[in-house]
Amino acid sequence: MKERIITCINCPMGCRMTVTLEDGKVTGVTGNTCKRGEKYAMQEVTAPVRMVTAVVPVADRRLPVSVKTREPIPKARIQDCMAALRQLHLSAPIEAGQVVLADVCGTGIDVIATRTVS
Amino acid sequence: MENIIRKQLVIIGGGPAGLAAGIAAREAGVEDLVILEREHEAGGILRQCIHNGFGLHRYGEELTGPEYAARDIARAQELGLDIRCDTTVLSVDGDRRVTCVSRAEGLQIFEAGAVILAMGCRERPRGALGTPGTRCAGIYTAGAAQKFVNLEGLMPGRRCVILGSGDIGLIMARRMTLQGAKVLACVELMPYSSGLNRNIVQCLQDYDIPLYLSHTVIDIQGRERLEGVTVAQVDERRRPIPGTEIEFDCDTLLLSVGLIPENELSLRAGVALSPATAGAVVDDALQTSVPGVFACGNVLHVHDLVDFVSDESFRAGRAAAAFLRGEHPQGETVAVLDGEGVRGVVPQRVHPGQDLTLMFRPAGVYKNASVVVEADGVEIARKRALVFTPGEMVALDLPAAKWANVHGDLTVRMEAK
Amino acid sequence: MMDRETDILIIGAGVVGCALARVLSRFETRVLVIDRADDVSEGASKANSGIVHAGFDAKPGTDKARLNVLGARRYPALCKELGVPYKQIGALVVAFREEDRPVLEQLKAQGEANGVPRLRIVEHDELMQMEPQLNPSAVAALEAPTSGIVSPYELVFALADHAAINGVEFQFGTEAQTIVREDTGYRVETSRGVIRAHSVVNCAGVDSGRLHSQVSPRPCRIIPRRGEYYVLDHPAEAPFSRTIFQCPTKMGKGVLVSPTVHGNVLLGPTAMDIEDGLDTATTAGGLAECLQKSALTWPKVSTRTAVTNFAGIRAHEEHGDFLVGEAAPLFYEAAGFESPGLTSAPALAEELGRDMAEDLNLRQKETWLPAPEHEKPFNEMNDAERTEAIAGNPLHGQLICRCEVVTEAEIRAAIRRPVGARTVDGVKRRCRAGMGRCQGGFCAPRVVEILAEELGVPMTEIRKGSGASDMLVGEI
Numbered sequence: 040m041k042e043r044i045i046t047c048i049n050c051p052m053g054c055r056m057t058v059t060l061e062d063g064k065v066t067g068v069t070g071n072t073c074k075r076g077e078k079y080a081m082q083e084v085t086a087p088v089r090m091v092t093a094v095v096p097v098a099d100r101r102l103p104v105s106v107k108t109r110e111p112i113p114k115a116r117i118q119d120c121m122a123a124l125r126q127l128h129l130s131a132p133i134e135a136g137q138v139v140l141a142d143v144c145g146t147g148i149d150v151i152a153t154r155t156v157s
Numbered sequence: 083m084e085n086i087i088r089k090q091l092v093i094i095g096g097g098p099a100g101l102a103a104g105i106a107a108r109e110a111g112v113e114d115l116v117i118l119e120r121e122h123e124a125g126g127i128l129r130q131c132i133h134n135g136f137g138l139h140r141y142g143e144e145l146t147g148p149e150y151a152a153r154d155i156a157r158a159q160e161l162g163l164d165i166r167c168d169t170t171v172l173s174v175d176g177d178r179r180v181t182c183v184s185r186a187e188g189l190q191i192f193e194a195g196a197v198i199l200a201m202g203c204r205e206r207p208r209g210a211l212g213t214p215g216t217r218c219a220g221i222y223t224a225g226a227a228q229k230f231v232n233l234e235g236l237m238p239g240r241r242c243v244i245l246g247s248g249d250i251g252l253i254m255a256r257r258m259t260l261q262g263a264k265v266l267a268c269v270e271l272m273p274y275s276s277g278l279n280r281n282i283v284q285c286l287q288d289y290d291i292p293l294y295l296s297h298t299v300i301d302i303q304g305r306e307r308l309e310g311v312t313v314a315q316v317d318e319r320r321r322p323i324p325g326t327e328i329e330f331d332c333d334t335l336l337l338s339v340g341l342i343p344e345n346e347l348s349l350r351a352g353v354a355l356s357p358a359t360a361g362a363v364v365d366d367a368l369q370t371s372v373p374g375v376f377a378c379g380n381v382l383h384v385h386d387l388v389d390f391v392s393d394e395s396f397r398a399g400r401a402a403a404a405f406l407r408g409e410h411p412q413g414e415t416v417a418v419l420d421g422e423g424v425r426g427v428v429p430q431r432v433h434p435g436q437d438l439t440l441m442f443r444p445a446g447v448y449k450n451a452s453v454v455v456e457a458d459g460v461e462i463a464r465k466r467a468l469v470f471t472p473g474e475m476v477a478l479d480l481p482a483a484k485w486a487n488v489h490g491d492l493t494v495r496m497e498a499k
Numbered sequence: 346m347m348d349r350e351t352d353i354l355i356i357g358a359g360v361v362g363c364a365l366a367r368v369l370s371r372f373e374t375r376v377l378v379i380d381r382a383d384d385v386s387e388g389a390s391k392a393n394s395g396i397v398h399a400g401f402d403a404k405p406g407t408d409k410a411r412l413n414v415l416g417a418r419r420y421p422a423l424c425k426e427l428g429v430p431y432k433q434i435g436a437l438v439v440a441f442r443e444e445d446r447p448v449l450e451q452l453k454a455q456g457e458a459n460g461v462p463r464l465r466i467v468e469h470d471e472l473m474q475m476e477p478q479l480n481p482s483a484v485a486a487l488e489a490p491t492s493g494i495v496s497p498y499e500l501v502f503a504l505a506d507h508a509a510i511n512g513v514e515f516q517f518g519t520e521a522q523t524i525v526r527e528d529t530g531y532r533v534e535t536s537r538g539v540i541r542a543h544s545v546v547n548c549a550g551v552d553s554g555r556l557h558s559q560v561s562p563r564p565c566r567i568i569p570r571r572g573e574y575y576v577l578d579h580p581a582e583a584p585f586s587r588t589i590f591q592c593p594t595k596m597g598k599g600v601l602v603s604p605t606v607h608g609n610v611l612l613g614p615t616a617m618d619i620e621d622g623l624d625t626a627t628t629a630g631g632l633a634e635c636l637q638k639s640a641l642t643w644p645k646v647s648t649r650t651a652v653t654n655f656a657g658i659r660a661h662e663e664h665g666d667f668l669v670g671e672a673a674p675l676f677y678e679a680a681g682f683e684s685p686g687l688t689s690a691p692a693l694a695e696e697l698g699r700d701m702a703e704d705l706n707l708r709q710k711e712t713w714l715p716a717p718e719h720e721k722p723f724n725e726m727n728d729a730e731r732t733e734a735i736a737g738n739p740l741h742g743q744l745i746c747r748c749e750v751v752t753e754a755e756i757r758a759a760i761r762r763p764v765g766a767r768t769v770d771g772v773k774r775r776c777r778a779g780m781g782r783c784q785g786g787f788c789a790p791r792v793v794e795i796l797a798e799e800l801g802v803p804m805t806e807i808r809k810g811s812g813a814s815d816m817l818v819g820e821i
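Residue numbers (my numbering), protein chains in the order written: chain Y, 40 to 157; chain V, 83 to 499; chain F, 346 to 821.
Treat the hints with care, as some may be off.
[What the hints assert, rightly or not] So the derived label-pair ranges between C-beta atoms look like this:
no., chain 1, residue 1, chain 2, residue 2, range
1, V, C167, F, E350, 52 to 58 Å
2, V, G325, F, D624, 22 to 28 Å
3, Y, V138, V, E461, 52 to 58 Å
4, Y, T59, F, D624, 53 to 59 Å
5, Y, T155, F, E534, 57 to 63 Å
6, Y, K41, V, P273, 27 to 33 Å
7, V, P273, F, P722, 42 to 48 Å
8, Y, Q126, V, D290, 23 to 29 Å
9, F, E718, V, D290, 56 to 62 Å
10, V, D290, Y, K41, 17 to 23 Å
[Claimed, not checked] Below are the DSSO-like pairs computed for lysine-lysine, each with C-alpha atoms no more than 27 Å apart in a straight line:
no., chain 1, residue 1, chain 2, residue 2
11, Y, K114, V, K264
12, V, K484, V, K499
13, Y, K74, V, K465
14, Y, K74, V, K449
15, V, K449, Y, K78
[As the list claims (entries may be wrong)] Not everything, but these chain V residues come out facing chain F in the computed CB check (under 7 Å):
no., residue
16, G209
17, P238
18, G239
In short, the hints are calculated from the structure, not lab data. The structure presented is a predicted model; accordingly, all values stated were derived computationally and were not measured. Even for Gly, the Cβ is constructed at its ideal location relative to N, Cα and C.
So here's chain Y without its partners, still in its complex pose:
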């Protein structure tokens, strides 16, 4: 049996929840005040995900373009995603919403521009 402490991010309460795991499966959540906390805790211990946002240089432009993953990606892949973005060579024009890197690191999720560079 394993236990993990998770701080809930849903509201300013910031409940400190204890999640019990057995063989990788959640067997209990305590310390939460509401249902949303429980759901968050389950997700967070089994398959945590995060949005990644960054900026990427644009050829012949002094200023970089801001980008984001269209959906959250597995938390464990954040550094890989950043490494992939560092390899990226972009050139203008770029439309906000345009895919700048498809299926980043095999996550099935695209990285898109969040700003237009004309």
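Use these hints to put chains V and F onto chain Y, whose structure you have.
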């Protein structure tokens, strides 16, 4: 040779507040308006806030700062709003004369029927903290560092300590880490963080960055570039406790120690400021003490969520439009006072018996508590929550029906269970 | 690192070195000024009270007394000529206890002996009318109407520019290490190679004692004395219209409260003797003392509007007087220039320059260019002047520093001056961009960008101040 232009409405600032105010004013029928923006593009500080989390209340989705700004800019363009970038306002006077300069137009004076102040806020710098030590390179406000990294693509340092756990500081802890810097610690003077839990988890804990609560930076070392800082624990009166010093070997110190509404122009216009918010004293139409001059967004009081800035600014835009039509609320006003545990209620003066939104910050952390609004000692509204913290602004709706017959001043206070 | 040769080598680009360089630039001779820092005015000249003292503090008959009074007299015309902000606002030395009244009398007598005009004792009632914010326990004060305030580093920039357009050369990042007398003059080993000079002038501030001892058997001990200050934002209404001193102590003139020429309020300095002449770090104790002592003068003092704090190091000669003159053959010096060093510098430079010209048989140049014209700061212009300024240079329409109202044109001009800004601090002190309440939070990135453009280097090479004070460490 004076370049004088008459305008119905002049809006100072083209960030989220100014854009929303302009959109609402135009939608309410103000044809002749101009938004004056000192930067090269509209959008304000959102331009450099490339992280997501904006727009949840307004759009039900999580946008990045540039995306949130782009929606307002697109709407403004659709409405044909006149946004003058690279234009800095130098003064506003009590007669609503707005003097500004730009490369393209030189010095211009706008004589406005109404003015909306939407200049935003600035960060408290090191000098305001009185932190002793050397004055070396490598000490930045979190926002300045954010501008370098996100707008210029330049790194201000490699080994950072962050003083203050405001949201910008937390966000920058993650940004610097993702760009390859090592963030050694986030140091907070208070026993609690003023940042969102979400940011503490996703910006600090995700990257194993320790948060030192009730600690502060007591010394800064390095003659040329920063070489280190000394951090110490503080007692209940926020004085450093000898013997608790921790030395950090770092080349960068980022400060996220508070935001101050930027009211230098307002002061010169004769606008009365509230010591509690450092913003203008306003009535329920967001009109300041100077007739026809309105304020909204972070220049009025520092918000946590841009959604609320937009919402407030829509109201300011509509109110300015009403003022220009000669429909400004008339009659007696009552005061809205900060009661126990409440800091900086906005608005501070209201015309009784109408729909109203009161906003303020709790002075401390209150768990299982209520906000109570009283008039003449009688409770007229109450809002309960599991927790209230100074880091999260409270918005309380007061429908007209609830206080139709009130004559005395209103007091807003916290009530612990 | 190339070896260089010059006729006169001035070590130290502070107010003394630059004032002397300007005087010597009238003569047919090669003058080189070196400094270990990367700009002029980086030592005591940038970090002091900026007071042009009337001259009642120094003992009659001393060099300090004589040069102070002569210097103070020269200030109005000199600052006008150079376009440097200077205001003769007067000063009060306040006695807060009846026991201190004799100190006022003694200062008055001393000042009169030194030739200071219009000194008088002001009693409580009149005093409170003159300065209503003053602590009402004030008993009486000595009034010195000829006391003034100046922007000390702006004076040095102007002196250096004027010297430079008349042929004086400046070499920065160059620390004088060893000085050896040779047949034809001096060989000075520096951190950037050897400089041979016919004659040398030691104006090295806190370092002047060390250099003196290398050529003169006469002992000279310079003690670094650190003073800590607070700078407050310009208030809507200045709390004091004059410089307010407390009664002096053996460590100096004590903590003052004064307006600055730019409308800020200055509190300080403390006085602490230290070992390291470069240790300009402020301390918790020093800042607390600065505030606490200011409260005696100004009970309502608060650091709520503080924009910064800083420390300066005065070069205190152990016997308390200036060391002026020829320390060894063809080795001149102006050492121990603690307060009133700033006030005395113009007079000292005239005297020393004249003596050197005589000793060295220097011939006056046929043409000596007047000081470069100075544009009025945009912040001080009226609407019509601003309109005209933008018409002349559209970059005046681009505001960069909103707190101090500084335009892009002014920042570029600061970099293009004869001895121009090379660093963010250099820009800040020349045109005030970043000097205000946000302390460069908004404008520093733009200033870095403009510096990079003007100097033709990447933004990552721009430094805050001297040495390895890089603003940025690289690209993302």
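Here is what the structure says about each hint:
1. C167/V - E350/F: 52 to 58 Å: Holds: the Cβ-Cβ distance is about 54 Å, inside 52 to 58 Å.
2. G325/V - D624/F: 22 to 28 Å: 24 Å, holds
3. V138/Y - E461/V: 52 to 58 Å: 55 Å, holds
4. T59/Y - D624/F: 53 to 59 Å: 56 Å, holds
5. T155/Y - E534/F: 57 to 63 Å: 59 Å, holds
6. K41/Y - P273/V: 27 to 33 Å: Cβ of K41/Y to Cβ of P273/V: about 31 Å, so the range 27 to 33 Å holds.
7. P273/V - P722/F: 42 to 48 Å: Holds: the Cβ-Cβ distance is about 46 Å, inside 42 to 48 Å.
8. Q126/Y - D290/V: 23 to 29 Å: 26 Å, holds
9. E718/F - D290/V: 56 to 62 Å: With a Cβ separation near 59 Å, E718/F and D290/V satisfy 56 to 62 Å, so the hint holds.
10. D290/V - K41/Y: 17 to 23 Å: Cβ of D290/V to Cβ of K41/Y: about 19 Å, so the range 17 to 23 Å holds.
11. K114/Y - K264/V: 19 Å, holds
12. K484/V - K499/V: At roughly 23 Å apart (the allowed maximum being 27 Å), K499/V and K484/V satisfy the hint.
13. K74/Y - K465/V: Within the cut-off at roughly 21 Å; holds.
14. K74/Y - K449/V: Cα-Cα ~18 Å, so holds.
15. K449/V - K78/Y: 22 Å, holds
16. G209: 4 Å, holds
17. P238: 6 Å, holds
18. G239: Cβ of G239/V sits 6 Å from chain F, so the hint holds.
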